[in-house]
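Protein chains in written order, with my numbering: chain W, 1 to 468; chain S, 1 to 330; chain B, 1 to 322.
The set of hints was computed from the structure by calculation and includes no laboratory data.
Please note: incorrect hints may appear among the correct ones.
As the list claims (entries may be wrong) - Straight-line Cα separation of at most 20 Å, SDA-like style, residue types lysine to any residue; simulated pairs: (1) K159(S) / K198(B); (2) K326(S) / A194(B); (3) K159(S) / T305(W); (4) K172(B) / D141(W); (5) K172(B) / G299(W); (6) K198(B) / R220(B); (7) K156(W) / K326(S); (8) K156(W) / S467(W); (9) K172(B) / P152(B); (10) K159(S) / A80(B); (11) K172(B) / Y294(S); (12) K159(S) / I38(B); (13) K159(S) / V32(B); (14) K172(B) / R327(S); (15) K326(S) / Y52(B); (16) K172(B) / N135(W); (17) K198(B) / G275(S); (18) K198(B) / S96(S); (19) K172(B) / I100(B); (20) K197(B) / S96(S); (21) K156(W) / P245(S); (22) K159(S) / R220(B); (23) K197(B) / Y294(S); (24) K159(S) / G299(W); (25) K156(W) / G275(S).
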Amino acid sequence: MLIYPMIINVGHGHLLSYCITAKIGRFRADTHGDNLMTDKSTKLSRRTVLTTTGAAAVTGLAGCTGGDEGSGGSNGNGSGGANELELLHAWSSGDGNAAIAALIEGFQEEHPDVEFAEEPVDGAARSNLDQVVLNKLQANDPPSTFQLWPGKNLAKFDGAYEDIEDDVWTDDLKENYLAGPQEQAQYNGSYVSVPLNIHRINNLFYNTAVLEEAGVDPASLSSASDVVSACETIAAETDAVPFAHQTSGTWSTVQLWETILLGQAGIDGYEAFINGNGDAGQVQTALESVVELSEYYPGDSSSITFTEANTMVMDGDAAFIHQGDWAAGAYSNADGFNYGEDWGQVTYPGTSGSYLLNMDSFPFMANNPSPEATRQFLSYCGTAEGQVRFNAEKGSIPPRSDADVSALNQFQQDQFEDFNAADNQPPSVEHGLAVSPAVKTNISDAFSSFLENYDAAATADALIGASN
Amino acid sequence: MRNPLTVLKRRLSEHREVRTDGGTTSAGSILDRDSVRSAPFWLPPFLLIGLFIYGAIAWNIVLSLTDFQGLGSPDYSALDFENYVVAFFGGTPSWSELTVSPIWNSAWNTVVLMVSFSVVCLALGLVLAILVDQEIRFENTFRTIYLLPMSLSFVVTAKFWLYMYNVETGLVNLFLGAVGVGPVEIVQNPDLKLAAVAFALIWQFSGYAMIVYLAGLRAIPTSHFEAARVDGASTLRMYWRVIIPQLRTATVSALVVLTVFSLKAFDFLFSMYGGYQPGPSADILATRMVREAYSNGNWAYGSAIAVILFIMALAIVTPYIYSQYKRGEL
Amino acid sequence: MSTETGRVGEWSLFGHSLRRVVLYGILAGMGVFYLIPIETGIMTSIINPASYTGSFPYLPPLEPLVPGTGTFSLEPWQGAIDGLGQGLVNSVILVVPATIFSGLLGSMAAFGLTTISWRGQIGIYILFVAGIFIPYQAVLVPLTQFWYNVVPLQAVFEPLAVLPFVQEYHWKLVALIITHTAYGLPICTLLFRAHYKKLSDEMVEAAQLDGASVATIYRRIILRCRSRCSRSCSSTSSPRSGTTCCSRSPSSSSAMQRSSPRIWSVSASPSRGRTSRCGWPPHCWLRCRRCWCTSSSAISSPRGSLHSMTTDSTGGTHPWQN
Numbered sequence: 001m002l003i004y005p006m007i008i009n010v011g012h013g014h015l016l017s018y019c020i021t022a023k024i025g026r027f028r029a030d031t032h033g034d035n036l037m038t039d040k041s042t043k044l045s046r047r048t049v050l051t052t053t054g055a056a057a058v059t060g061l062a063g064c065t066g067g068d069e070g071s072g073g074s075n076g077n078g079s080g081g082a083n084e085l086e087l088l089h090a091w092s093s094g095d096g097n098a099a100i101a102a103l104i105e106g107f108q109e110e111h112p113d114v115e116f117a118e119e120p121v122d123g124a125a126r127s128n129l130d131q132v133v134l135n136k137l138q139a140n141d142p143p144s145t146f147q148l149w150p151g152k153n154l155a156k157f158d159g160a161y162e163d164i165e166d167d168v169w170t171d172d173l174k175e176n177y178l179a180g181p182q183e184q185a186q187y188n189g190s191y192v193s194v195p196l197n198i199h200r201i202n203n204l205f206y207n208t209a210v211l212e213e214a215g216v217d218p219a220s221l222s223s224a225s226d227v228v229s230a231c232e233t234i235a236a237e238t239d240a241v242p243f244a245h246q247t248s249g250t251w252s253t254v255q256l257w258e259t260i261l262l263g264q265a266g267i268d269g270y271e272a273f274i275n276g277n278g279d280a281g282q283v284q285t286a287l288e289s290v291v292e293l294s295e296y297y298p299g300d301s302s303s304i305t306f307t308e309a310n311t312m313v314m315d316g317d318a319a320f321i322h323q324g325d326w327a328a329g330a331y332s333n334a335d336g337f338n339y340g341e342d343w344g345q346v347t348y349p350g351t352s353g354s355y356l357l358n359m360d361s362f363p364f365m366a367n368n369p370s371p372e373a374t375r376q377f378l379s380y381c382g383t384a385e386g387q388v389r390f391n392a393e394k395g396s397i398p399p400r401s402d403a404d405v406s407a408l409n410q411f412q413q414d415q416f417e418d419f420n421a422a423d424n425q426p427p428s429v430e431h432g433l434a435v436s437p438a439v440k441t442n443i444s445d446a447f448s449s450f451l452e453n454y455d456a457a458a459t460a461d462a463l464i465g466a467s468n
Numbered sequence: 001m002r003n004p005l006t007v008l009k010r011r012l013s014e015h016r017e018v019r020t021d022g023g024t025t026s027a028g029s030i031l032d033r034d035s036v037r038s039a040p041f042w043l044p045p046f047l048l049i050g051l052f053i054y055g056a057i058a059w060n061i062v063l064s065l066t067d068f069q070g071l072g073s074p075d076y077s078a079l080d081f082e083n084y085v086v087a088f089f090g091g092t093p094s095w096s097e098l099t100v101s102p103i104w105n106s107a108w109n110t111v112v113l114m115v116s117f118s119v120v121c122l123a124l125g126l127v128l129a130i131l132v133d134q135e136i137r138f139e140n141t142f143r144t145i146y147l148l149p150m151s152l153s154f155v156v157t158a159k160f161w162l163y164m165y166n167v168e169t170g171l172v173n174l175f176l177g178a179v180g181v182g183p184v185e186i187v188q189n190p191d192l193k194l195a196a197v198a199f200a201l202i203w204q205f206s207g208y209a210m211i212v213y214l215a216g217l218r219a220i221p222t223s224h225f226e227a228a229r230v231d232g233a234s235t236l237r238m239y240w241r242v243i244i245p246q247l248r249t250a251t252v253s254a255l256v257v258l259t260v261f262s263l264k265a266f267d268f269l270f271s272m273y274g275g276y277q278p279g280p281s282a283d284i285l286a287t288r289m290v291r292e293a294y295s296n297g298n299w300a301y302g303s304a305i306a307v308i309l310f311i312m313a314l315a316i317v318t319p320y321i322y323s324q325y326k327r328g329e330l
Numbered sequence: 001m002s003t004e005t006g007r008v009g010e011w012s013l014f015g016h017s018l019r020r021v022v023l024y025g026i027l028a029g030m031g032v033f034y035l036i037p038i039e040t041g042i043m044t045s046i047i048n049p050a051s052y053t054g055s056f057p058y059l060p061p062l063e064p065l066v067p068g069t070g071t072f073s074l075e076p077w078q079g080a081i082d083g084l085g086q087g088l089v090n091s092v093i094l095v096v097p098a099t100i101f102s103g104l105l106g107s108m109a110a111f112g113l114t115t116i117s118w119r120g121q122i123g124i125y126i127l128f129v130a131g132i133f134i135p136y137q138a139v140l141v142p143l144t145q146f147w148y149n150v151v152p153l154q155a156v157f158e159p160l161a162v163l164p165f166v167q168e169y170h171w172k173l174v175a176l177i178i179t180h181t182a183y184g185l186p187i188c189t190l191l192f193r194a195h196y197k198k199l200s201d202e203m204v205e206a207a208q209l210d211g212a213s214v215a216t217i218y219r220r221i222i223l224r225c226r227s228r229c230s231r232s233c234s235s236t237s238s239p240r241s242g243t244t245c246c247s248r249s250p251s252s253s254s255a256m257q258r259s260s261p262r263i264w265s266v267s268a269s270p271s272r273g274r275t276s277r278c279g280w281p282p283h284c285w286l287r288c289r290r291c292w293c294t295s296s297s298a299i300s301s302p303r304g305s306l307h308s309m310t311t312d313s314t315g316g317t318h319p320w321q322n
C-alpha cells in the first residue's frame, strides 16, 4: 500500500487525488497475498504521474491563485519615466472606471504632455489597494498618487506624504471647500490630499410604490424609532420586506449604527465617540435601535450582498434601504426606475442638518516619481470643472461649493444643495475617516460579534473599549 | 593503537570502488562517494526548500521577536518575547496604543474545527470505502464523483455552500424544512457557524479519506474476510472486529493530513465571509494571523501567531514521521 | 443484479438483491450529495443576473416555463471572462512552469535520495517530507519581505519588459513561480520516491557495477522508463516476431525469434547476458521500452514470478552503455 496521503494545499491535493485514484487496484489481493492481478492496474507510471500532476495542478493551482494582488495593469505600462504619473485606484469597472477616465481625459486636455500610468487594482471598495500601496512603499517605490479615503485613514501610510499646501491648497481651494472635508484632507495639520467627491452615508432610500401601498409618508419620519414603526406598518400592509439589509459583511451594519448614533446623540455625541469619549448609554441605545430594525431585514440577509439588497428595492420587493449614495448610482442606471417617481431619498430620520460623508481623495506621496505632474493633477482635481467631470459619472457630488452642478442629475443636485446647507459634515467611522485604523479594527470586530448575537449591551462595552 | 581521529579521518575519506572483476581499486577521493556524485541531483532542490521553507520559518521566528508594525523595516536589534506574552495573556505591546486580545478564542475554534472535521471526515470516508469496496458496478464512476469536490478550490466551495446555506432558497434549509426542523439561520448563527464550515470542508475532503481507506481495504487479503465469515461473524461484527483494526496505518496517515490541512483552512473562511473577519465563533488561528498581519499591519504579532500555528502542525506531524521512519516505511 | 453475490458469500440478513438495492441507493444518494453544490453553482452561472434575486439557486433557469427560476443567460460567463481573463492568463503563466520545475526537481531529488543509496540520505529525505506540512501562514510575512525588500527582482526585471509578451508586473509572477516550485517540491519528491522504490535494486547495482555514473543511471534508466512505461507494460506480453523495436539491430535478429521467454538473471557476472521476461535481449531494451519497464517491475515485485537463475548466452551490451 504505497500510498502517501499527504496534501499540502488544495492545488497539490488535486494531483494527489488523481494519482491515488490511478493507483488503487480493482481487485483485492488473493489468499496467497500475491498481488499479481493488481500489477496491471496499480502500476503508476512516471508518465501518468507527470501528466496528472500537470493537469490536476493546473486546475487546482489555477483556482488558488485567483486571489493574488490583481494589478491587472490594463493601461499600465510600468513605472518610471519622469513625466509618467503613476496612479493607483480600485475603480476597475463600472461607474468608477468611467469617472476616472473622464477625469484623466479632462486633465489631459489641459496638460497634454503628461502621461498617465494608471493601474486599477481589483478588489471592491479598495480592499486590495491598501496592501498594494503598502508593498510599494516598503519597496521604496511609491506611486505618484492613489485613491485613498482620507481622514484617519491617512495614518496607515504615516510618513509617506508631502505637504501640498503651498502649491495645491491655494486660497481658492480653501475658500470653496467646506470645513469638514478640508479637515479630513489634512494629516497632522498639514494638507496632504485633495478630496475629489463626497458620498453621503445618512440616506434612506425607498421604493415609492411600496410606501404608497403601505400608506407610509417618508417625509413624516423624524427619528430612528419612526423608521421602525414605519417598517412595522409596511410589514403589516404589504408583502414587501420592510428594510433591505445585508449582514454577510459587517460594513452595512456599522454604517447603519453610526447613522442612528448621529441622529440620536447629535453631532456632539457622535464627535465625542470618535474622539474616544463616547457615552455608553448613547451607544447602546443606537445599537438597540439596530436590533429593533433587524426584525424587518430580509430572511436571507446573511447570504446576500449589498447589490442584491439594492435590487430588492428596485424590484419592489423591499421598501427601505439605508446605504451610501452609490446605491442611487444603481438606480440611475436601471431603466424605468426614476428619481421622484419610482424611488426617493430622505435624510435618515434624526440626522437632518448633518451630512455624514465619505470621500475619495488623492494624496501627494513623498519621493514622488513625477512631482510636477502630480501637483498639476492634484490642482486639477481641486478645480470645479474636474470635479464635475468626475462626479457626473460617479454619482456622487463635488466637494467645492462653487461647482456648477447643472450637468449632474436631479438627485445629485438635491444632494449638493443639502451638502452646502448642512450644519456639519461628520466623517464616517466605517470608511476609516473618523477613527484610527487600530480603533476601526476593534469596532469591526465588535460588530462581527454583534451580528452573531445581537447583544447590544456587550457590543456597547466593546465599542466604548475600542479606543483603549 | 591508532589515533581515533586518524581512524575516523581515514574512514571518512576512504572510498573503495568495487571493480568489475571482483577486486577493489585503490581508495578514491571524497568526490567519488555516491552522496557527492548524486549531489547535483538532490542538492539544488534541497537548497531551494532550505531557503524557502526552513529559511522562511527561521526568519518568521526572528520576525516574531521584533516589534515590526506598519510601514518601515523590522528592527532586529531589540528582540523579545513580548508578542508571545500578548498572544497568551493579552495586554498592550510596545508597538500598539490599544490593547491586543489574546488568541485563546481562535485557538479553541481551531482545535474544535480540527477534531470535528478530521473525525467525521474519516468516519464518512470509511463508510464510503466499505460501501464502494463491495464489488459494485460503476465503481470508477462513483469514485470519481466522490472525489470531484476535491478538485474545487476553496473559494469556489465557499461560494457554493453559501448558496446552499441560504436561509430562504438554500437546499440545506429546504431539507431541514422537509424534515420538520424548519428553516434555520446558519451563516451568521454563532452556534452553527463552525459546524457549517466543518460540514462544507467534510464535503470536500471525505472523498480523499475514502480513497485512503479503499486502498487500505484492498490490501487486506480476502482470506481475512472469509475466515471471519466462516467463524460466523455478522457483517457488522466482521468489519468492526477484524477489518477496521487493520486499517490503523491508513487511519493515522489520513488523520495527520486532514488535521494539518484544517489548520490552514484560511481561504475557505475568507471567501465565505468576504474578508478577514469571519466572526468570533468561526475565527481560527489562520484567519487571526492573516488579519493581524495584513489587515491591521501588525506584522510581528502575526508572525508570532504563525509560529504558534507552525508548532501545532509540527506537534501533529513529528510523531507520525518518526513512526514511519522507525517502521521503515518512509 | 441477482447474480451478484457479493464478494464473500451471501449476505446473512436479507435476500441479497434487496441488500444490493439498498447499497446502490446509498451510493447514489451520496453521489447526489457530492454533486449538488456543484450543480447549484452551474445553475447559478447560467441565470440572468437581473432575475437572480429570489430564485432558487439549484433549479435550472426555465423562466418562461417554470416561474421563479430565473431566465437563462450566458451573461455571467461573459462577465467572468471579461473580469477574470487576465487572471486566467496569469494563472496559466504561473502554474505551468511551476509544475514542470516542481516535477523535474522533485524527480531529481527523489532519484538522488532513493535510487542511489548512501548514508544519511534518510535524514535529508525527512527534511523534504516535513516540508509538506508547513502551514503557509507561517511563511507569508517573511516571503513578502523577501520578494519586496531583499531580492531586487523587480529592478532586475524592468529591462526585460521591452520584450514582446513580457510586462512589468510579470516579475511578481516570476517570484510566485519560484515560490510555488519550492513549495511543491516536497510532495513531488515524495511521489517520485514512491515510484523509484519500485525500481529494482539489482538493476541499479548492476549498472553501477558496469561503471555507469550517477548521471548516466538517471538518464538511461529513469528517463527511459518515463516516456514509454504508460503503454501496455503488461506482465504477460510475449515477444512477437517482426516487431519493430529490435528490427534495427542486425545482430540480434536471430535472438529475437526465439519464442520461449527468458527469465531475468540476477547474476552479477557482466559477461552473461540478461534478458527480460519478455524475452528480448538487453541491447533491445533501449528501443523496446515496453520490455524494459516490464523487466524492471517484474524484478521489483517480490511476489512476481521471476527468479529462476538461468542465464542466457547471447551476451550483448547493456542498455546503459548504448
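Against the structure, the hints come out as follows:
1. At roughly 42 Å between alpha-carbon atoms, K159(S) and K198(B) are farther apart than 20 Å, so this suggested pair is violated.
2. Taken as a hint, the K326(S) and A194(B) pair is honoured in the structure, with Cα atoms around 17 Å apart against an allowance of 20 Å.
3. A hinted pair counts as satisfied when its Cα atoms are at most 20 Å apart, and K159(S) with T305(W) qualifies at roughly 12 Å.
4. For the proposed pair K172(B) and D141(W), the alpha carbon gap of about 15 Å is at most 20 Å, so the pair holds.
5. Among the hinted pairs, K172(B) with G299(W) is inconsistent with the structure: their alpha-carbon atoms are about 43 Å apart, more than 20 Å.
6. Distance check on the hinted pair: K198(B) and R220(B) sit about 17 Å apart at the alpha-carbon level, within 20 Å; holds.
7. Our distance criterion of 20 Å between C-alpha atoms is broken by K156(W) and K326(S), whose separation comes to about 52 Å.
8. Taking the CA atoms of K156(W) and S467(W), the gap is near 17 Å; set against the 20 Å cutoff, the hint holds.
9. For the given pair, K172(B) sits about 11 Å from P152(B) by alpha-carbon distance, which is consistent with the 20 Å threshold.
10. Only pairs whose Cα atoms come within 20 Å are accepted, and K159(S) paired with A80(B) is accepted, the gap being roughly 15 Å.
11. The straight-line distance between the Cα atoms of K172(B) and Y294(S) is roughly 18 Å, inside the 20 Å bound, and the hint therefore holds.
12. For the suggested pair K159(S) and I38(B), the alpha carbons sit about 10 Å apart, so the restraint of at most 20 Å is met.
13. Distance check on the hinted pair: K159(S) and V32(B) sit about 18 Å apart at the alpha-carbon level, within 20 Å; holds.
14. Taking the CA atoms of K172(B) and R327(S), the gap is near 43 Å; set against the 20 Å cutoff, the hint is violated.
15. This hinted pair does not check out: K326(S) and Y52(B) have alpha carbons roughly 58 Å apart, beyond 20 Å.
16. Only pairs whose Cα atoms come within 20 Å are accepted, and K172(B) paired with N135(W) is accepted, the gap being roughly 12 Å.
17. The suggested pairing of K198(B) with G275(S) is violated, with an alpha-carbon distance near 47 Å, which exceeds 20 Å.
18. Proposed proximity of K198(B) and S96(S) is contradicted: the alpha carbons are some 57 Å apart, above 20 Å.
19. With a CA separation close to 18 Å, the supplied pair K172(B) and I100(B) stays within the 20 Å bound.
20. Our distance criterion of 20 Å between C-alpha atoms is broken by K197(B) and S96(S), whose separation comes to about 54 Å.
21. Taking the CA atoms of K156(W) and P245(S), the gap is near 57 Å; set against the 20 Å cutoff, the hint is violated.
22. Restraint check: the Cα-Cα separation between K159(S) and R220(B) comes to about 49 Å, which exceeds 20 Å; the hinted pair is violated.
23. Proximity of K197(B) to Y294(S) is assessed by CA-CA distance (about 43 Å); at most 20 Å being required, the pair is judged violated.
24. Straight-line distance between C-alpha atoms of K159(S) and G299(W) comes to about 19 Å, which keeps the hinted pair within the 20 Å bound.
25. In summary, the hint linking K156(W) to G275(S) is supported, as the alpha carbons are separated by about 19 Å, within the 20 Å threshold.
This entry does not satisfy hints 1, 5, 7, 14, 15, 17, 18, 20, 21, 22, 23, going by the numbered hints stated previously.
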